[in-house]
Every structure is written in structure tokens, then in C-alpha cells.
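> If you want the building blocks of each chain, they are given just below.
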Amino acid sequence: KNEVEQSPQNLTAQEGEFITINCSYSVGISALHWLQQHPGGGIVSLFMLSSGKKKHGRLIATINIQEKHSSLHITASHPRDSAVYICAGTSGGGADGLTFGKGTHLIIQP
Amino acid sequence: ETGVTQTPRHLVMGMTNKKSLKCEQHLGHNAMYWYKQSAKKPLELMFVYSLEERVENNSVPSRFSPECPNSSHLFLHLHTLQPEDSALYLCASSQLDPYNEQFFGPGTRLTVL
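Chains A and B, in that order, are what the protein sequence lines are. Read in the numbering used here, the first sequence has 72 at position 72, and its numbers run on one by one without any break. Read in the numbering used here, the second sequence has 109 at position 109, and its numbers run on one by one without any break.
Simulated from the structure, these hints should not be mistaken for laboratory data. Every residue gets a Cβ at the ideal spot worked out from N, C-alpha and C, and that includes glycine. Check each hint, because a few of them may be wrong.
Said to hold, decoys possible - Label-pair restraints from in silico Cβ distances:
| no. | chain 1 | residue 1 | chain 2 | residue 2 | range |
| --- | --- | --- | --- | --- | --- |
| 1 | B | Pro-61 | A | Arg-80 | 33 to 41 Å |
| 2 | A | Gln-66 | B | Asp-97 | 35 to 43 Å |
| 3 | A | Gly-57 | B | Thr-7 | 29 to 37 Å |
| 4 | A | Gly-28 | B | Ser-38 | 18 to 26 Å |
| 5 | B | Leu-27 | A | Arg-80 | 19 to 27 Å |
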């Protein structure tokens with residue numbers, strides 16, 4: 001059974017701080033998705049990683065396949081980054097449903 | 001309309017009611033998914049449809065019945081639900097190729113009385 005462990009569950013930081021959210025996953029998962037969920041429930045896909053590193057604006061995602069670990073970083077955090085960040089794993093087999101972590105509730109204070 | 005839409009956005013139903021949730025994607029994708037998000041629990045996969053065929057049923061009770069009449073539409077038929085089925089139900093779609101991004105709808109907030 002695929003499993004995804006995410007930490008921390010809750011994170012409060014001051015505006016401008018560098019944020020890191022971590023995700024570990026089990027054998028059988030070959031790619032990681034990072035998702036953002038705002039109050040009200042809508043989910044936006046931020047990254048999909050099977051190797052290496054991706055960057056979009058102030059967001060950076062990395063994955064270490066050997067260690068089965070991925071991180072999401074936010075540079076120069078801003079209150080509008082406040083949301084729940086979720087990592088989700090997939091085995092990559094075509095139409096493959098996601099296995100989700102519990103999410104990290106991030107609050108950035110002005 | 002663009003992206004993935006879901007209707008209704010909110011639904012309140014009694015345990016004896018029958019209702020349906022609708023999902024429509026305008027992205028030309030060929031795989032669609034139903035996910036459930038209960039309070040204080042991680043998102044969990046319910047069903048996967050690939051090219052309109054169900055390829056995964058993740059141990060979901062039979063009171064939830066999915067239907068995928070074509071590649072753009074996905075339904076979740078609900079009957080004799082329990083209060084613990086109250087949750088946010090999310091639809092998503094993707095291309096079939098491995099490692100493709102999934103695009104989520106806004107969800108239907110379901111309350112079962």
C-alpha cells in the first residue's frame with residue numbers, strides 16, 4: 001500500500017521567512033505532486049516531480065528518489081501564501097489515483 | 001467554461017434521499033477521478049475512470065455509484081448515505097500518460113442529515 005508522510009502538520013511564520021515543508025513516501029511511489037488548498041476547498045496543482053528540482057516564482061520543489069523524500073520551499077513568504085499544502089504520491093501508471101499526505105496548514109503573519 | 005467544474009457546490013440531503021454529483025472537464029483529458037475529503041482526514045481516492053472505463057474502486061461502499069458516460073463527464077450517484085459521508089467531494093481529470101498533472105474541480109460540500 002502506498003503511503004505518504006508529511007511534516008510539519010502546522011506551521012506559522014512571519015512574512016519574509018523561508019519555508020520548508022517535507023514529505024516522505026513509500027516504495028511504489030515514483031512521482032510526487034505538491035498541491036495547494038485554500039479555504040473553501042479548491043485545490044491547485046503546484047508541481048509534479050519524478051526527479052530533480054522545479055521552480056515556479058517563489059516556490060521550489062525538490063525530490064530525492066534514493067531517500068524517497070521531497071521538499072517544498074517558499075522563499076520570501078507572504079500572507080497570501082497561507083493555505084494548506086499537500087503532497088501526494090503516484091506510481092505513475094497511466095490513470096493513477098493519488099495517495100495524499102495529511103497536509104501542512106501554513107499561516108504567514110504580516 | 002474552462003477547467004473542471006462541479007455541481008452542485010453545496011448539497012444537503014437526508015439519509016433516504018437519492019442525489020447525484022456532476023463533474024465536467026473542458027480540458028480534453030481522458031482520465032477522471034473522484035476524491036473524498038472528510039474533516040481532519042487526508043484526501044482519499046474513491047474512483048478512477050480511464051477512457052470511460054472504471055479502473056479503480058478504492059473499497060468504496062456501494063451507496064456511492066460512479067458513472068462516466070463520456071470522457072468529459074463524471075457523475076457520483078448517492079443513495080441511502082450516512083451522516084459520516086458528509087465531506088467535500090472533489091473531482092479531478094488528467095491525461096492518461098504517466099506523471100501527468102491532475103486538475104481539480106472546486107468540490108461539492110455534502111452534508112448528510
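> Would you mind marking each hint as holding or not holding in the structure?
Results for each hint:
no.: 1; hint: B:Pro-61 x A:Arg-80: 33 to 41 Å; result: holds, 39 Å
no.: 2; hint: A:Gln-66 x B:Asp-97: 35 to 43 Å; result: violated, 25 Å
no.: 3; hint: A:Gly-57 x B:Thr-7: 29 to 37 Å; result: holds, 32 Å
no.: 4; hint: A:Gly-28 x B:Ser-38: 18 to 26 Å; result: holds, 24 Å
no.: 5; hint: B:Leu-27 x A:Arg-80: 19 to 27 Å; result: holds, 26 Å
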